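Participant: Below are the chains, spelled out letter by letter.
There are 2 protein chains.
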Amino acid sequence: MLDKLTIIKVGGKIVEEEKTLHQLLHDFSEVEGFKVLVHGGGRSATHMAAQLGIESQMVNGRRITDAETLKVVTMVYAGLVNKTIVAGLQAQDVDALGLTGADMNVICSEKRPVKDVDYGFVGDVKTVNADLLAALIHQGIVPVMAPITHDKKGNLLNTNADTIAGEVAKALAKHFDVTLMFCFEKKGVLMDEDDDNSVIPELRREEFRQFVTDGVIQGGMIPKLENAYQAIDAGVKEVIITQAADIHLRQGTRVH
Amino acid sequence: MLDKLTIIKVGGKIVEEEKTLHQLLHDFSEVEGFKVLVHGGGRSATHMAAQLGIESQMVNGRRITDAETLKVVTMVYAGLVNKTIVAGLQAQDVDALGLTGADMNVICSEKRPVKDVDYGFVGDVKTVNADLLAALIHQGIVPVMAPITHDKKGNLLNTNADTIAGEVAKALAKHFDVTLMFCFEKKGVLMDEDDDNSVIPELRREEFRQFVTDGVIQGGMIPKLENAYQAIDAGVKEVIITQAADIHLRQGTRVH
Numbered sequence: 001m002l003d004k005l006t007i008i009k010v011g012g013k014i015v016e017e018e019k020t021l022h023q024l025l026h027d028f029s030e031v032e033g034f035k036v037l038v039h040g041g042g043r044s045a046t047h048m049a050a051q052l053g054i055e056s057q058m059v060n061g062r063r064i065t066d067a068e069t070l071k072v073v074t075m076v077y078a079g080l081v082n083k084t085i086v087a088g089l090q091a092q093d094v095d096a097l098g099l100t101g102a103d104m105n106v107i108c109s110e111k112r113p114v115k116d117v118d119y120g121f122v123g124d125v126k127t128v129n130a131d132l133l134a135a136l137i138h139q140g141i142v143p144v145m146a147p148i149t150h151d152k153k154g155n156l157l158n159t160n161a162d163t164i165a166g167e168v169a170k171a172l173a174k175h176f177d178v179t180l181m182f183c184f185e186k187k188g189v190l191m192d193e194d195d196d197n198s199v200i201p202e203l204r205r206e207e208f209r210q211f212v213t214d215g216v217i218q219g220g221m222i223p224k225l226e227n228a229y230q231a232i233d234a235g236v237k238e239v240i241i242t243q244a245a246d247i248h249l250r251q252g253t254r255v256h
Numbered sequence: 001m002l003d004k005l006t007i008i009k010v011g012g013k014i015v016e017e018e019k020t021l022h023q024l025l026h027d028f029s030e031v032e033g034f035k036v037l038v039h040g041g042g043r044s045a046t047h048m049a050a051q052l053g054i055e056s057q058m059v060n061g062r063r064i065t066d067a068e069t070l071k072v073v074t075m076v077y078a079g080l081v082n083k084t085i086v087a088g089l090q091a092q093d094v095d096a097l098g099l100t101g102a103d104m105n106v107i108c109s110e111k112r113p114v115k116d117v118d119y120g121f122v123g124d125v126k127t128v129n130a131d132l133l134a135a136l137i138h139q140g141i142v143p144v145m146a147p148i149t150h151d152k153k154g155n156l157l158n159t160n161a162d163t164i165a166g167e168v169a170k171a172l173a174k175h176f177d178v179t180l181m182f183c184f185e186k187k188g189v190l191m192d193e194d195d196d197n198s199v200i201p202e203l204r205r206e207e208f209r210q211f212v213t214d215g216v217i218q219g220g221m222i223p224k225l226e227n228a229y230q231a232i233d234a235g236v237k238e239v240i241i242t243q244a245a246d247i248h249l250r251q252g253t254r255v256h
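First to last, the sequence lines map onto chains A and B. Reminder that position 83 of the first sequence reads as 83 in our numbering, one-by-one numbering, no gaps. Reminder that position 136 of the second sequence reads as 136 in our numbering, one-by-one numbering, no gaps.
Quick caveat, the hints were computed from the structure, so don't treat them as lab data. Where hints are given, some of them may not hold.
For chains that are exact copies, the list does not tell them apart, and a pair is met inside one copy or across any two.
To be verified - Derived pair list, reagent style DSS-like, types lysine-lysine, alpha-carbon separation capped at 25 angstroms:
id, residue 1, residue 2
1, Lys19, Lys111
2, Lys152, Lys19
3, Lys19, Lys153
4, Lys186, Lys13
5, Lys153, Lys13
6, Lys237, Lys153
Keep in mind it's a predicted model, so treat the numbers as computed, not measured.
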């Protein structure tokens, strides 16, 4: 019987405002058992880039990462956001360790090949050092992962935080009974996007397909759920889609 | 018989320029045995602060760290400089792990009390988690330490990199046979400050006192050497004062 592990991904908005960050740190400290936090920070990066006169270019919601932008995201994600969270968790007696993929070579990626779009210094995850992460977690350490990886050739690469959470969850599925939680602005996957209380509590694959066919689930939620089912195919026990305020309650949409 | 450990402190200038950084990463990878790197980054922080319109205030060579400056140094030291070094060392097959004092509560400090000067968010080291650091080092991990600590109450604090190197060396002296190397612009402590080749190869305490009396050693070198002897009093085997280009040769001034 494997130990339970909860991997929680929170977006930039939550961690960038003092009030919501404080609430998150408290709620995360209440999550029982072994846990990992993966964070974004895109809004702060965009804001910092603007202050430095660097234009943020986005294609399909993904950031184009030129050399100057890479410096900004490294500063903001791995420096300001990551260490603010780590210090905040330490104050709650959570033994947090901030990590990028470069640290102990935890996540190695490769620079995304140029096809239609040159995303610049963006890395697609190649390997996750699951044995090392599992050993740290079993020692009581709580990894706090910034969305920066490296290519083992000396280059840092910008990597989507959802992808990091998914890949880490898949890699750790042979060591733990993994629940992966994706936090966004809503309480879960909604039956009616205008009704915040219309959360679908459980979503099986057949239901998901039917909801897509019927147009109930659409837009950006479709790839999010496809990723969730990929994680489940790779051994992750369940994926919960929820809002940050509900992580300790484990409420939201259970995808399995 | 304790294992040997080399703790190397390098200043901002070395790690902030691509060419000298590349050389440092190579030289550091050649240092044999267990090792720790402690880095500064003040020049980049000053530059970044200026770009963001934040004035850098210095008193006696120490930075006054207001809330905005703390954000900048956290970004620059713990983000950009630290992760650039970590990725660079990983490319040299050095299993680097970037750390601030907040990570795993490695270094806990307290905000410096306001006396004549209010240094702001500056931390004086209170405790170093030597057992944890020693365990990591024995696993083959190379800590790369940024000059940021925390107070365990959720606050990050700016802490002088020389101080971090000294405190870590003292704390690890019961676990290892520690050599502490401070890198600066010269090849070592000079007999004649106008002659770069007048390095004093060995410096015992009595000689140091005599050189101070005779005016051979003066200015900022005096507190640097006083700190070195404090480290030796606390069990550090030797302190080497040298330039970054000589770390793998272990040349410079041996203080013991």
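Participant: Each hint needs a verdict: does it hold in this structure or not?
Facilitator: How the hints compare with the structure:
Only between protomers do Lys19 and Lys111 lie at most 25 angstroms apart by alpha-carbon distance; the minimum there is 23 angstroms, versus 36 angstroms within a single protomer. Taking identical chains as interchangeable, the C-alpha atoms of Lys152 and Lys19 lie at most 25 angstroms apart only when they sit on different chains, with a minimum of 19 angstroms there against 37 angstroms within one chain. Taking CA atoms no more than 25 angstroms apart as the test, Lys19 paired with Lys153 passes between copies only; the shortest distance there is 16 angstroms, against 39 angstroms inside one copy. For the identical chains of this complex, Lys186 and Lys13 are intra-copy neighbours only, at 13 angstroms inside a copy versus 47 angstroms across copies, given an alpha-carbon limit of 25 angstroms.
For a Cα distance limit of 25 angstroms, the shortest separation of Lys153 from Lys13 across copies, 23 angstroms, qualifies, whereas the shortest one inside one copy, 32 angstroms, does not. For a Cα distance limit of 25 angstroms, the shortest separation of Lys237 from Lys153 qualifies neither inside one copy, at 34 angstroms, nor across copies, at 35 angstroms.
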